[in-house]
Amino acid sequence: MYLSLNWLKNFISIPSTISPQELGSLLTLHTAEVEKIIIEAEKFQNMVIGEVVELKKHPNADKLFVCKVNIGKEINQIVCGGINLREKMLVPVALPGAYIRWHGEGDLIKLEKVKLRGEESNGMICAGEEIGIEKAPANGITDLSHLKVKPGTPLAEALNFNDVIFEIDNKSLTNRPDLWGHYGIARELSVILNLPLKKLSLIDEKTLPTKKGKKLKIEIKDFKLCPRYIGTLITNIEIKKSPVWLKKRLESINIRSINNIVDITNYVMAELGQPMHAFDKNLIEEGIIVRTAKNEEKITTLDGENRILTEEMLVIADHKKPIAIAGIMGAENSEIKNETKEIILESANFNAINVRKTSSRLNLRTESLQRYEKGIDPDLTKTAALRAIELILEVCPESEIVNSIEDIKNYEPKDIEISLNLERCNSKIGKNISEKQIEKILTGLEFKVKKEEKNFKVSVPEFRAQGDVKIEDDLIEEIARMYGYDNLEPTLPPLPIKLPIKNTERLLKHEARNILSHGLNFTETYNYSFYSEKDLVNCLLPKEKHIKVKNYLSMDQTHMRLSLLPNILKAIQTNLKNNNEFNIFEFGRIYEKTEKSFWPLEKKMILACMVRPENYQQEVFLDIKGILETFLERFKFSGRYKLEKPKNPENFVHPGKYVNILIEGKNIGKIYIPHPQVLKNFDIQAQIGIFELNFALVRNELGLEILDKEQRPNFIASLGQKEIKYKPLPKFPGISFDVSVTIDKEKLYKDIYAQIEKSSELIKQIELFDIYTGDKISSNKKNLAFRILLQNLEKTLTDEDMQKAQKEVFANLQKIGGEIRGL
Amino acid sequence: MKEQLLKLKNEVIEKLSKISNENDLRELEIKYLGRKGELTTILRELKNLSEEEKKIIGALSNETKQYLEQKFEEKLNELKNKKLDQDLKESIDYTLPGKKYEFGHLHPITILQQRVETIFSQMGFSVMDGPEIESEWYNFEGLNIPSTHPARDMQDTFFIDQEADDKHGNLVLRTHTSPVQVRTMLKYGAPLRVIVPGRVFRNEATDARHEHTFDQVEGLCVDENISLSHLKGVMQEFLTRLFEKEVKVRFRPGFFPFVEPGLELDFSCLLCAGKGCKVCKNIGWLEFMGAGMVHENVLKAGKIDPKKYQGWAFGFGLTRLALMRYEIDDIRHLMTPNLQFLKQF
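For the record, the sequence lines run as chains A and B. For the first sequence, my numbering assigns the number 17 to the initial residue and increments by one for each residue that follows. For the second sequence, my numbering assigns the number 9 to the initial residue and increments by one for each residue that follows.
Just so you know, these hints were derived from the structure itself, not from any lab. Values in this document were obtained by computation on a predicted structure and should not be read as measured data. One should not assume that every hint holds.
Not everything, but these chain A residues come out facing chain B in the computed CB check (under 7 Å) [stated by the list, open to error]:
hint: 1; residue: Asn191
hint: 2; residue: Asn379
hint: 3; residue: Ile513
hint: 4; residue: Ile517
hint: 5; residue: Ile787
Cβ coordinates follow ideal geometry from the N, Cα and C atoms, glycine included.
Let's have the full structure, built from the sequences with the hints guiding it.
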């Protein structure tokens, strides 16, 4: 919304010592955000009134003149082609440095001193459109002789462009219907600046020129949707251009001037915040009916669009047709035209919610709607009607009201009274504001205050009672903002006696992220919580478990993710273009449809992924397994984790390269290589190893929100942080020996390991350092080489100890079919 | 035997003089002085000698052994010194690249979130969490946003394709972290000091400045005497610590249905400290967040008595803060898993 400073000054005497910037900042801090300040005169910098003192034909150009122009301090030579130029004419002169628009088109251009066909031109005599004022006659310049000012007078001054325009952020006015006009803002300023607000002086209804005639019939079908409708039939109207003052006012706040009557309705709206409309009486069949539309009723609005209405939409109609969409826009069929002689002037109140719904269904927002949807005080309709009539009588002095103003209404005043506890008020604001000051602020804003011991009984004026001010806190806001938030001292609240509620899950979450990134060289990615149906099909995920978005933004984002995998695969695919070896992880949520509850299941997952080139020589499965093992070391659980290969693995994993991870018997995650078909579907040519872990449960399958302390056992977050306890360091050195065993390929490592482990109590560490399959041994065999560390905490080991252990290891390996090499 | 010993001694001395590295020296030492070495072999013969001879030869062999051991040590020292001199002659092109080691990177939002959590924890705030798929009740009604409010329009909220519930309405993707306000109040009651970082969703097209998925931090402080001055104090302290320079905050009136009084909080421009520059569009202040005193209807929805307790709430964009903190020019980078971007953090 735009505000004119000159307009505001009609209602409050703002001293000139307050700069526009200061005023803007005061409004921002106390009322609503000023987004921009436009100083009109700035557009006319380096422009003056010049007097043409000599006019000669250009020696080298037929259509140009060389003029001598008096610009006050000096006489400038200017080359100009204006066909209406004559000596002694007063003209707008743009001097070098001024910004103009060539022929009123394109961007602003900075004027410089030039030579035109050999003649020096020190500035430019302008056509109005080139400097943003009234258009000049064709091929001519703008004649300003009527201004009768001295040559050299700054153009802004001569043309009276001395206004300042404030642009207010509409969002900061959403709850303030009373601020959608100059008068409301002036009221705020009167409190901010501590200056009196001038009362609106309205024309006395009894003194209006009236004429007998047929009474205007107005019928309201539903007072809930239209609590009040004031219609005034005015005759002897002469439609013409608006007077300069009116036109200029509207244009200064970005409203296009149309004709005197339409301009007056807009003027009143900008002044008081009450939208108005005028119909051509001759185009109306009988009277006005305010009703809801018939289903599929058609209307062509003033913007030329054909619109189809539905039954909830409120319209203004005559006895045959709709003539306006209530509160939003009029129809072409009753529009004011040049030949209009009689008008119906509308000043009405409509239900805010209804007009807003209509507007969003029709996708039509207007200045009028913007005001109605905030909920305007129905009392304002009368004020606005009188103000508009007053202006119409001024602009069309011949006009007369037929019969009288017709005012149909049915609503109760809100009559809100609030008890304000002064102690609580100050406690919430955090400052001791005196009783006197509070009273002054409230009465300045037109609240009525009655003192009652520690409380004030506050009556809310009707223009603030339409939903904006209802409770004590609403009054506290009025006091706080007018007192000035800048006057509050920053203070820290005293620390509570108790420490904050502990959140173990958070600690573990940060720890997990830190280990993966800074410890294990994985880079964290964030991915969207959605993917497409194609993605889930490509990833072989079950469609029926997915939650769908109803109003998705694009076909790529129709389903909520059931797994972190699809978006990670897409991320891999993109990054493979620059890089063929990297590690990434994501810590994110997944969602699953459940049959048992309205609420979906929601969990937090970790997915870590290792990407290696296609020709990578090692087993990427073992790489990622190693990462997981190291990662898990930081969490608390007794004993080792277990691996279990399920009989029916999920579709998206490689059926031979997949295993579940169990901690204390609970399935906590999985290690896998994606199914080759999945990789093919995502066009990934690389080796990929993944682990996924259930991190925490947000909401379970029954729809219950899960608290930190009751995390389910199959989530990492329920394990807690690793407990660290010192173990004495070995005092005696250990001995190690190597053993190399050839054994059936099928034999699992864990069984071989167990066979070695049980051989001697002295075995402290078993390290597999080589796996061989190939030409040197039979094709159904593999060779494993171990380094085994023996250690006794009590004494130094002897050769005999070692030989004994070695013998046992050999024997145990042979028992399972192992052949010890070098034996 | 005496001759044998002398011969051995001379042999060793001669061989020693030809040794040029530590390995050969060690081998030579084992050969002559080791457990199975030649000197030991000779000494084994000692038992065959008479007592008298044993005494003399014994003494001689000890002498020889000690002498040779000393010679070996001297030689070792000599070799070591030689090597040291040689080492000192070497030098390195220090401009050659160092060997590459890598560690992974945390997402910028994570880094910032951890810092935010740390600072608020120090001021006595707990860190809370809530579901991302919410009901309309928690996301709107519980926060005093009735179904007629413009924010409820389809264009802002993602709806889940599922039938509505009588009490809760439709499922939606939370449009702000504020629903956790009511959830936390219901769970813990008053007094309460929490922040809630988390992912939120808005149904709006994405461009360089807008994202449909971003992160927010909600704050809530409820006690018997909590005031707006406290909000000013806490935010000023928080921002000063976060940006590691003195930051001032200011309030402007603002409207959010779940707070009253409602306000907008700006902080002093980091570049010009409030004087006005390009970054702050000459205002001297940067828009930061919405805040205000928790509306009594919200306290009631959280089963907290508004006559006894009062407090404030705020919500700021962690994503926006990351853009400012790291001077990122395009918001889309944050949700695009491009390693060239992510490895900068």
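Hints, one by one, checked against the model:
| no. | hint | result |
| --- | --- | --- |
| 1 | Asn191 | holds, 4 Å |
| 2 | Asn379 | violated, 10 Å |
| 3 | Ile513 | violated, 10 Å |
| 4 | Ile517 | holds, 4 Å |
| 5 | Ile787 | violated, 27 Å |
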